[in-house]
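Chains as they are written, first to last, in the working numbering: chain A, 8 to 129; chain B, -6 to 141.
Everything labelled a hint here was simulated from the structure, so no lab data went into it. Don't take every hint at face value.
Only part of the chain A face toward chain B is listed, based on derived beta-carbon distances under 7 Å [stated by the list, open to error]:
no.: 1; residue: G31
no.: 2; residue: T88
no.: 3; residue: K109
Now the stretches of chain B that chain A is said to cover, found in silico as 3 or more residues with beta-carbon under 8 Å [unchecked claim]:
no.: 4; region: 4 to 12
no.: 5; region: 55 to 62
no.: 6; region: 108 to 120
Sample of chain B residues lacking proximity to chain A, with all beta carbon distances greater than 10 Å (derived) [said to hold, decoys possible]:
no.: 7; residue: M(-6)
no.: 8; residue: L(-5)
no.: 9; residue: E(-2)
no.: 10; residue: V27
no.: 11; residue: T47
no.: 12; residue: G48
no.: 13; residue: H102
no.: 14; residue: C126
Virtual Cβ for every residue (Gly too), placed ideally from N, Cα, C.
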Amino acid sequence: MKILLVDDSKTMRNIQRSILTQLGHSELEEACDGQDAMDKLGDFEPDLILLDWNMPNMDGLAFVKEFRKGNASTPVIMVTTESERSRVVEAIKAGVNNYVVKPFTPDVLSQRISETVGNAAA
Amino acid sequence: MLQLEVGVDAPMIKANSTTSFDVTGIIGMSGDVVGSVVLSLPGSTAQGVVERFTGSDVSVESDDFADAIGELVNMIAGGAKAMFADRSVSISCPSVVLGQNHRIASPKHVPCVVIPCRTDCGELAIEVMIDDCKSSPQTSNAAASAQA
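This is chain A alone, in the form it adopts within the complex:
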């Protein structure tokens, strides 16, 4: 499974990469903001996107709104510190499939990925 990690923090991308590698995922690409992610979609064609919310240039919410104009099926998991219920609802309405609040454990990330990919395949 090809997974695109979108986060302006290299530390967070490294942590996510480490967890995903331990889970057996090896086809990983990184983007440092929403615009960078848009630029990489054509070549990488991810099966799953892990997306931060607060980023410079294009934030996660703007990215998913733009992304959903041309892609309704690729699952997106928002991975963010934005934990208010209103924010979660806003993200889901914009087209996010699942939600992980930072800080998270490897088990939580793994569980959300399984849920999301399972739902997308159903």
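Once you have looked at the hints, place chain B on chain A.
Coordinates of chain B only, in the frame set by chain A:
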């Protein structure tokens, strides 16, 4: 994620705006609540915390060190923001300042609340300087003056 026990001591009001320690991560808040949340650590504590967070020994001079401090304060401020049940608040991307005796500028009427903390990596402090714009007459007056 960090697996770090944190002991919290009694909060106090700080008279000056010089940060408690020499490594500082800052998140701005805007909307119904305006101000900043600061994570302030001595260099030695910061190195220990970053090592636990990233799983590797990261030099203070490295960009990765500032990135990790920024992400930590992002998670602290994000958690705090979620507790404003009836306020609409946005947080900024983090900034990190390294160096002794730096000062965080804030309006004079906004007190700086320092929350001292103890960890296995050493002491640190959370400094909160926020103004509730929905209920603060000083902020309302200032906003009215600015518009005039």
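Exercise. Checking C-beta pairs, does the region 4 to 12 of chain B have three or more residues closer than 8 Å to chain A?
Worked result: Check failed, 0 qualifying residues.
Problem set entry | chain A over the region 108 to 120 of chain B, status - at least 3 residues with CB closer than 8 Å | Per the Cβ count (0), the hint is violated.
For this session: Mind verifying the non-interface call on E(-2) (chain B)? Its CB should be farther than 10 Å from each CB in chain A.
Result: Since the minimum Cβ distance to chain A is about 14 Å, E(-2) (chain B) lies beyond 10 Å and the statement holds.
Exercise. With d taken as the least Cβ-Cβ distance between C126 (chain B) and chain A, does d exceed 10 Å?
Worked result: Given that every Cβ of chain A is farther than 10 Å from that of C126 (chain B), nearest at about 18 Å, it holds.
For this session: Mind taking a look at whether chain A covers the region 55 to 62 of chain B? Criterion is 3 or more residues with CB to CB distance under 8 Å.
Result: The restraint on the region 55 to 62 of chain B holds, since 4 of its residues have a Cβ under 8 Å from chain A and three suffice.
Exercise. In terms of Cβ atoms, is chain A entirely out of 10 Å range of T47 (chain B)?
Worked result: violated, 6 Å
Problem set entry | M(-6) (chain B) remote from chain A - nearest C-beta pair above 10 Å | It is violated; M(-6) (chain B) is separated from chain A by about 4 Å at its closest Cβ, not greater than 10 Å.
Problem set entry | Separation of V27 (chain B) from chain A, once the least beta-carbon distance is taken, above 10 Å | The claim holds: V27 (chain B) sits with its nearest Cβ about 17 Å from chain A, beyond 10 Å.
For this session: Have a go at the T88 (chain A) hint: is there a Cβ in chain B nearer than 7 Å to its own Cβ?
Result: Holds: closest Cβ of chain B sits about 2 Å from T88 (chain A), inside 7 Å.
For this session: Decide, holds or violated, for the assertion that all CB atoms of chain A are farther than 10 Å from the CB of H102 (chain B).
Result: holds, 27 Å
Exercise. Was L(-5) (chain B) rightly flagged as not at the interface, with every chain A Cβ beyond 10 Å?
Worked result: L(-5) (chain B) is in fact no farther than 10 Å from some Cβ atom of chain A, at 7 Å.
For this session: Grab the minimum C-beta distance from K109 (chain A) to chain B and call the hint holds if it beats 7 Å, violated otherwise.
Result: holds, 5 Å
Violated hints, listed in ascending order, are 1, 4, 6, 7, 8, 11, 12; each of the other numbered hints is respected by the structure.
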